[in-house]
Each structure stands twice: as C-alpha cells, then as structure tokens.
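Colleague: Sequence:
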Amino acid sequence: IAAMQPSTDWHLKENAREHHTSKFSSEELIVRRGQAFTITFNGAERPEQNLIFIAETGPKPSKATKTLATFDISSTVSKEGWGAVLQSSSSSSVSISISSPHNAVIGRYRLSVQSGSSSPQSLGTFVLLFNPWSSGDDVFMPNTAECEEYVLEEFGIIFAGNKNHISSFGWNFGQFQGDILNICLAIMDRSLYYRQDPITDVSHRHDPRYLGRVLSAMVNANDDQGVVLGNWSGKYEGGKNPTSWTGSGEILQSWKKSGFKPVKYGQCWVFAAVLTTVLRCLGIPTRTITNFSSAHDADGNLRVDEFYDADGNHLERGADSVWNFHVWNESWFTRNDLGPSYSGWQVLDATPQEESGGIYQCGPASRHAIKEGEVELDYDGPFVFAEVNADCMYWNYDSATGKKTLIFSKSTEIGASISTKAVGRDARVDVTRDYKYEEGSAKEREIFKKARKKLGLEDKFDPTAPKQEEVEQEPDISGKFKVAGSLEVGKDLNLLLVLENLQSDAKTVDVNMTAWSTLYTRRRVNQIWKDSLSVTLAPKEEKQFPIKIKYPEYQQQLTTDKTIQVTALCHVKDGIQVLVKRNITLDNPDIDIQVLGEAKVNKEVVVEVAFTNPINEEVKDCVLQVEGSDLLQGVLELRIPPLKASEKSSTRFKLIPSEAGPKHLLVNFFCDKFADIKTFKMVNVIN
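Numbering (UniProt numbering), first residue to last: 1 to 687.
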C-alpha cells in the first residue's frame, strides 16, 4: 500500500517557549540553532524501519555547503551535526527530538522523512535562527537580561540633538510583528551577494559577521534596491520626512508591498533602527548607538576640514563633514577571524556614507580594535575610528584668491557622549569610554598616533602633515556663545556672545555674525539672520553682547531637524581671526499621553493625548500618529481640527492590547508649524 502523506505536529507552543521564539505570531515552527526541538508525525511506518531525515535550505542544497543534512535516529545526539532522538512511538505516530549544530546555516528549512527504500515524504518547513542563549553559538550572550533587551525587546530609545543638549525619542522595532520575519528572509535573498552567487551566499549564512555586513548594505537602497532611500536635502517630496517615522514595521511592510522598491526617505537613525529590527529578528543581539559630533572623514586622513568665508558663513567645500549626531549599530558576536579579545560588540553602519569593497556597507568593526587604534583589522576600521576620533581643522577660505588660512584646530571636538539605551530601563548609558581612552589624555593621543601610523600618515611626505600655512598662532581673544533662556520652537532665541581679551593691551575687533537653519548633518539650508558689530576690548576685558532671533524670523526657515548654527567670525586688528560657533537644537513643545483605566489583554482601553498650541497664531493640518507592538496593529493616523492660539486639544482613541507585560505606546504629532512632536509611554498590560 502506498504510504500516507505524513501529518506533522510541530508542538509550536512548547518548542517556542524553549527556544525564546514565543513572541513571533506564526503558524510555522521557529527555532534556534544548537538546541533540540520536538515534532510528532503520523502516517509513517514503524520507526524500526530506519527512518532517515533530510533537512535542506537554499536553492541548491548540498552537504558540501552545509545546506543539506541527512540523519537517522540515534540514542544520543552529536554536537557536530544534525541528529534525531526517538522520544516515543505508537502504531500510528512517532515523536522525535531533532537538533541542529551550533553553526548551522540560518533560514527556512524543508524537512522530510524517508523510510526504507520509499521516496522521501515532506513533513513541512521550519525557520532556524541564531541562538544567543546557547554557549556554542557565535552570538552567545551570557547575560540573560542583555538577551532580553538586545534580542527580545521591541521598543528602543534613540538619542539625538547635540552634545550640549541630548534629546531622545522612542522607536518601535517590532521584530516579532506580522510578516517581519518573512521580510527579513526576503532581504537576504535580494542582496547583491545572493544575486551573484546564491549557493555561496546561503552557505555563509551561519556567520553573523557575514550577515551583518550583507545586511548593512541591504538596509540602504544604494547599489542593490535595498530597503530605505536616504535623503539629506531638507526636501522630502514624494516620500515621508525621515523625522516622521516612529517604527521599522511600516517601512519594512511598505518595501514588501511596493514590490521591493526602496522606501522614501531615511536618515541615519532610520537605517540603524531598521537594521536593529532585522538583526534582532534573526537572533543577533543588536542595539543602536548615537555618536555626538560625529566625523565623516571622506579622504581617510583622520582629519576633518571645515571652511568659512570672511563673513563667518560655513562653506560647503570638500567632502568632509561633522554631524551633530550620527546613529549606527553594535551587534554582539565572536570574531574568530581576529581572535578572542576582539569579540563582543561589533560596529555596523547601514547609513550610506562611503563605499567599502565597492558598495555602501560598513563593518563589522570590532569596538575593541577601534579603542586600541588597530584600524587595519577588518572591516572599515579607519572610517569608524575617524567617526569618533578625527581631528578638526577650521579654515578661512578666500574664494577670490583660493587662499586658505588655518583659524584653529581641535583634537577634542569629535566623538562625544556616545550613547545607547540602558538594559531593562528607559534611560541613557554613556559608552564613550568603550570607544576611546579619556579625551585629551596621553593614552588617547598615543592611540591616535598609532592609528595614523598604521594608515601610513606619519612619514615626512605626508600630504596631511602641517604645512607652513597650517602652523597655529595664539589668538588674542577668545569667544563663546551662551544660551540665555529656553530653546523651544515657538519662542524667541536669546543668546549671548561673550568675547574676552586675553592680552594686556586693548584690542579692536570686527565681528561678522550669521545664523543658518541646518540639517542635523550641519548642512546649511536657509539663512535666518546676520549682523555685525565693532568693539574695542580693554586689556583682559570680557564683554557680553545679547543676540535675539525672534520666532517669526526663524519660523519659516527652520528645518524639521530644528537645528540652527550660529557663527561669529572675529577679525582682530593686527591679529589672527577667531571663529566662534555653536550648533543649537530647539526642543518641541510637550505632548501628553494618559491611559484612562487598566490595560488588559483583549479588552478595550481608552487613551487620551493632549497638546496645547504654545504660539499666538493658529496651527492647522494637525495629524496624530500612534503605534506600539502588542497594543495596536500597524500605525493609527488621526486628523485633528485646527487649534487657535493657546488652545488645548484632547484626542481619545481605543487600544486592544494583545499581550501582557510592559508595552510602549509611541505618539507623533505634527502640523503646519511644528514637525514631529514625539513622546512615548510605557503601558503595563495585565492578563
């Protein structure tokens, strides 16, 4: 008699509990490698007949590429390969415990069983992921609280603003929601690596180092029609403003729905957040990192050159830049290619900044190697080292003569307050010391010199060594901008320019001042204000000059990054120029969330969001966006009527939580006068 098609019981609940995959909402078995799972099937003949199992993945499975395994039932399981142990059997069904090796290729597998000489019968498919809970895995993370945060947590906090004024916003990673796992598997199958050589690509998918690099390329749209298209122009027609996203789910779903066309638009935190979602989904512990005053060293000399004209305007010359902040990723895995001391956190950066190996990808760079200046180690050490360590050179550039004069240089400017979210808490943790030795210390300078030497930047033919025009003179005066009063969109901006004569004779100074609205990358967008003054400073005298930029002056010019760069170029008579500058990030007004009543699983609960218009004119085109994993499906969008001056709006909506535990609700409010006012609230859902 022909054998019946076996029917399989995948023991979804029990296996998911054992494998930390219960948060996935899937009818398919999802398990982690290097750990046993149980299945029961019937319709097979008696197990005495030597059942042989076949597990295969990828387009052309083979034993040579470790994408095909055949194994029979044995009494013990070898750690090296796939294996099956008989749990129990009856006349009609067999229960088997199947285990995979610690270094198995991850992805979707087809499982079949063969009995005797009959042809194999399909048992169905399952998905195999990385296993940070298992000590044999390259991504093993011994601290279980860290596993919970960096693999299982769907909410994150991303830090932004600038180093004088750090702000933050919530993000819904949503790695276990809906179809995200399938989309992550599709991302791997759309990479350039897969398209060029699918067999080799799939065979490398056991290695977090390889996948981290491939996925850092796939999250940006450059080269490969990847997930997110970057846009740093300040104009976002035809897509969504990068500051308006509140989670990765909508982005990944849009990419799939559009037939895999890049989603418009992203900036650094969007790339980093989407990469976090993808890597956490696949089981690689990952977090977002924000670096303040982050250097983009385009020419690889560990220096960033900035140019200013005589009026103090920042010029777009050269490809180097310094961003108010930049967000990248760290993922946790061993570096068998480099040795044990380089294992642990690895830097990956999905923002398309510079090509590596011909495409826009970056990392993994061992964080330990960056701290020790070992920039020659794979991958992209010089670029990452410069992001946190480059020296800054500020030049005066005369466009008529092409002459450039060094105003001053600074070695302590770049790489400040490097930040990430705390484990298990909604707080900021500073990880600067993990990237470099104390700024200004002898050890830090020694490491910087070591890195330069490794890059061949130390010999006497070095084009970056100080030339005559680069020798710094001592300035006669010093200056700084101080903030007086609050930094809020909708209020006037009050600053003080403080100038001090450092010499014992009087100095005459002509000051040219400008204020520009910028992007967070410090790219200038609109001039807001300019002014000049002449002043004589008595010996050792300090003077303060109040500056007021009124809200109506900057309101039209402000970008959605809410950043303003103020500069004062001081021409000292018979002395050298002094550049005073400050990057200012304005805060949005507050928005308030209240949960009215207890949040219970599968029960409606009402949420109220309140906003008061802080300016004395009407705001219109108001929209409220709400999302939160396990609290609501997708993104809820509510239109809100216009608000008169000082008017308060209260908006109510209902949630039906689907899972118990601490969940986060994210809210984004925008209108014609305010862009993307964000907040989040932890909602404790009970059964």
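Keep in mind that the hints were calculated from the coordinates and are not lab data. Think of the CB as a built atom: it goes at the ideal place given N, C-alpha and C, for glycine as much as any other residue. Misleading hints may appear alongside valid ones.
What follows is a set of in silico ranges between Cβ atoms, one per label pair, in the way DEER data are often shown [stated by the list, open to error]:
| no. | residue 1 | residue 2 | range |
| --- | --- | --- | --- |
| 1 | R652 | G178 | 54 to 62 Å |
| 2 | G456 | N222 | 47 to 55 Å |
| 3 | E28 | Q196 | 24 to 32 Å |
| 4 | D592 | G634 | 37 to 45 Å |
Capping the alpha-carbon separation at 27 Å, the derived lysine-lysine pairs in DSSO-like fashion look like this [unchecked claim]:
| no. | residue 1 | residue 2 |
| --- | --- | --- |
| 5 | K603 | K681 |
| 6 | K550 | K410 |
| 7 | K403 | K530 |
| 8 | K603 | K550 |
| 9 | K410 | K449 |
Colleague: Confirm or reject each hint.
Modeller: Comparing the hints with the structure gives:
1. R652 / G178: 54 to 62 Å: Since R652 and G178 have Cβ atoms about 26 Å apart, the given range 54 to 62 Å is violated.
2. G456 / N222: 47 to 55 Å: violated (28 Å)
3. E28 / Q196: 24 to 32 Å: holds (29 Å)
4. D592 / G634: 37 to 45 Å: violated (23 Å)
5. K603 / K681: With Cα atoms ~19 Å apart, K603 and K681 stay inside 27 Å; holds.
6. K550 / K410: violated (32 Å)
7. K403 / K530: holds (24 Å)
8. K603 / K550: violated (48 Å)
9. K410 / K449: Distance ~15 Å between K410 and K449 Cα, so the pair holds.
In the structure shown, a violation is registered for the earlier hints numbered 1, 2, 4, 6, 8, in ascending order.
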